[in-house]
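Participant: So the chains spell out like this:
Number of protein chains: 2
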Amino acid sequence: MPKPEPALMKDITALCKRRGIIYPSSEIYGGFANTWDYGPYGVLLKNNVKKIWWEDMVMKRTDIVGLDSAILMNPKIWEASGHLTQFTDPLIECKKCHARFRIEQSLDKCPTCQAIELTEAKQFNLMFKTYVGPEESGTNTVYLRPETAQGIFANFKNVLDSTRVKLPFGIAQIGKAFRNEITPGNFTFRTLEFEQFELEYFIYPKDADTEFKTWRQARLDWYVGLGINKHKLRLQDHEQAKLAHYAKAVSDIEYKFPFGWSELEGIANRGDYDLSQHQKFSGQDLQYFNEDTKEKILPYVIEPSGGVDRATLAFLVDAYSKEKVNKSSPPAGGGAGGGGSEVRTVLKLHPKLAPIKVAILPLVKKDPELVKMAKGIYEELKQNFFVEYDEDGTVGKRYRRQDEIGTPFCITIDSDSLTDKTVTIRHRDSMQQERINSAELGDWLKDKLNS
Amino acid sequence: MPKPEPALMKDITALCKRRGIIYPSSEIYGGFANTWDYGPYGVLLKNNVKKIWWEDMVMKRTDIVGLDSAILMNPKIWEASGHLTQFTDPLIECKKCHARFRIEQSLDKCPTCQAIELTEAKQFNLMFKTYVGPEESGTNTVYLRPETAQGIFANFKNVLDSTRVKLPFGIAQIGKAFRNEITPGNFTFRTLEFEQFELEYFIYPKDADTEFKTWRQARLDWYVGLGINKHKLRLQDHEQAKLAHYAKAVSDIEYKFPFGWSELEGIANRGDYDLSQHQKFSGQDLQYFNEDTKEKILPYVIEPSGGVDRATLAFLVDAYSKEKVNKSSPPAGGGAGGGGSEVRTVLKLHPKLAPIKVAILPLVKKDPELVKMAKGIYEELKQNFFVEYDEDGTVGKRYRRQDEIGTPFCITIDSDSLTDKTVTIRHRDSMQQERINSAELGDWLKDKLNS
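So the protein sequences, as listed, match chains G and R.
Everything in the first sequence is counted per my numbering, starting at 1 for the first residue and increasing by one.
Everything in the second sequence is counted per my numbering, starting at 1 for the first residue and increasing by one.
There may be inaccurate statements among the hints.
When chains are identical, the list treats them as one kind, so a pair holds in a single copy or across two.
Below, in silico cross-link-like pairs of lysine-lysine (DSS-like), each with a Cα-Cα straight-line distance of 30 Å or less [stated by the list, open to error]:
id : residue 1 : residue 2
1  : Lys448    : Lys51
2  : Lys17     : Lys322
3  : Lys60     : Lys206
4  : Lys129    : Lys76
5  : Lys397    : Lys60
By construction, these hints were calculated from the structure, which means they are not laboratory data.
Just chain G, with the same shape it has in the complex (with noise of 0.2 Å):
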């Protein structure tokens, strides 16, 4: 029988913990405010949904820059894009012990104090306010930047005046951002502090629809292309009376959590809205020249706009899996092992994703030549892997951990080895195992973890 839901989102927060993957931030001094910190093992599996995107997105493309701009802006952005004036929730404030609380609660008492005497909504900016220089007044407040978007669209023009770009063209950019929201919980996937991996892909305005179709479906794409169950995830269009502000049409690409189908990430078509705030804002001109034309245009921009921390656990919850197992022997035909005695946890996470790519595993901890060998290979492979070495225990308890953290291989030297010098890879998700030669090991492991 499938275990409930919400223990299901619990186990795998107690996994994360006891496997230094993520723990909750501030925890001895009893924790923060929804804010969680990614441990030896966490920050390695993030780094890599980081490393992945910006790859394909950069790297891999003729037509993307990066960019990093900062947290802390000049406030007029934040004027020009809106936010100051719309990015609020709605609040209803005790009138005894001033505590609030988000409108969807429909309150009839104060959760804190019990005073029925309620205000009625209020809206209340969402974005986290601080002062820079000693005096905390207006004209020294600043904002944390609640999105990285508005750094792009700001530095629109250095870009199309230091480099070559040529409409269409994108700026992608990973960093944090800050809402200060009354949040739910669900573990990291609404938090204070986040960090987003956004793209603005500039376009002519006629190309719009097709290209909002062209990104929706790439980025759907991309979650799959990693490893996602393809019918955990759904595209969500929004009603178009229902659209913020400044979009034209938006997507959600939705993932089925234990807590329910939620957004990993947006797709937008929000026009030129951006560019033009900031045009009349800032007073300078924002178009784009097109050299073949001659004529002036502010672009259109399609934006996928995703969460990095969501998609981290998007990825951990769909690579979640217990399966019985049997406790000695791999099971016939590559299965996981139906109607064994034992449960094992795995991570099925993507090659690619996986915190640690190998462990090195010697079969005897007290054998020096064998150890020898397998510190020779650790050494090795660690040089261009994350690689780790394990000889605390039996091997079973060795594969156990390994699957626990998501390691795709797992390579046993035993005494053979120091004859013929192959060793055994130990396949995570099949349990099957193969014996290569230690030299190819280098090279067999790159192939893998590029296909």
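Got chain G sorted already, so can you dock chain R onto it with the hints?
Facilitator: Here is chain R on its own, set in the frame of chain G:
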């Protein structure tokens, strides 16, 4: 005659803007408080700095794991670390206009309004403050971290409990930090928002002096290994009497910038200050259990703490050169071509650091066969490397463009290439050219980038 050095920084800043390396942040709105954005080439350069540090610290070593902790943490962390009380600057305030200034300026009147009545110096905390939740009150106050290090100490127990680390071991982290300083500018050297690479290397207390010396040297060597002129680097030991409250010994790695010798990285022996403070303030046992002696101890820590932006700036400044070259022909004997008639600007970046590894230049843009071959090479190489395709202008002009962004290799495809499949590789620094078979390009490049 060498250029006066302030003019040199101006030249480098201008090059960075013109070539898409670093832009003034929020520039269309008149900029913002010594903040800078990394453009298409700058983000690749900075990413390379981070990637190399991460690979050298985490991937290639057996004894260091990574971490990625949050920027917003439980404020008790800053109480324990001493930042809430001790991380301050003394400032003088104008009694008339309330502008505040650093004490070092020794003012006789207010530089803003010219009033002569100024207060005595008062301490102002350098942490940026913000509020979680809609209320701006004391209990909701949190801080933007002024260093990434405390996120490591706060997770020390989690890492011990969830991984197999054994003393000595390190925890490495790269991330943003924020300091509300009155900054003197100097391009990206000192900014309100900056990125750190920090390593906390935990050791047995008896090994502190040895480890301190080892790390001091290792970190100096790291910069030299990435091409920085070793005569422009020095180690400066702090005087024992002037050490910060948490430190038993500190040594700075300084680079000779045009604005003077300035700190790139500090190596500190922090003793057990941080762990003992967090133990005291959190009430948690943060001791390490030594399985051999069965004793519990509080480890000492050696901290090499560097600035990613500062390292990036040092690499840029050190790589920047202007030299006279002959317009058409490469210099004989591999020299940089002194005594020529034209001046070229070139960033002699280490190939590992260079934003673009290779540029593909078809000699004639109107020859479809030649363009087809050039694009084929481009398409293939950019699956694995950051590569640029450039057919705009004369080859000489294209070389200069690539020189200015530090591209180590340019590949030209000419009519001979169509028949014999060879291409010309032009080396950035020597401007020497060699002819190689186009099928070997990928391996040739891999080899050059790994040496």
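Participant: Would you mind marking each hint as holding or not holding in the structure?
Facilitator: Now the hints, each set against the structure:
1. Lys448 <-> Lys51: both (17 Å within a copy, 22 Å between copies)
2. Lys17 <-> Lys322: The answer is within: 17 Å in one copy meets 30 Å, while 53 Å across copies does not.
3. Lys60 <-> Lys206: So Lys60 and Lys206 pass the 30 Å test inside one copy only (26 Å; across, 50 Å).
4. Lys129 <-> Lys76: Both ways: Lys129 and Lys76 sit 14 Å apart in one copy and 20 Å across, limit 30 Å.
5. Lys397 <-> Lys60: Classified as between: cross-chain Cα gap 25 Å, same-chain 40 Å, threshold 30 Å.
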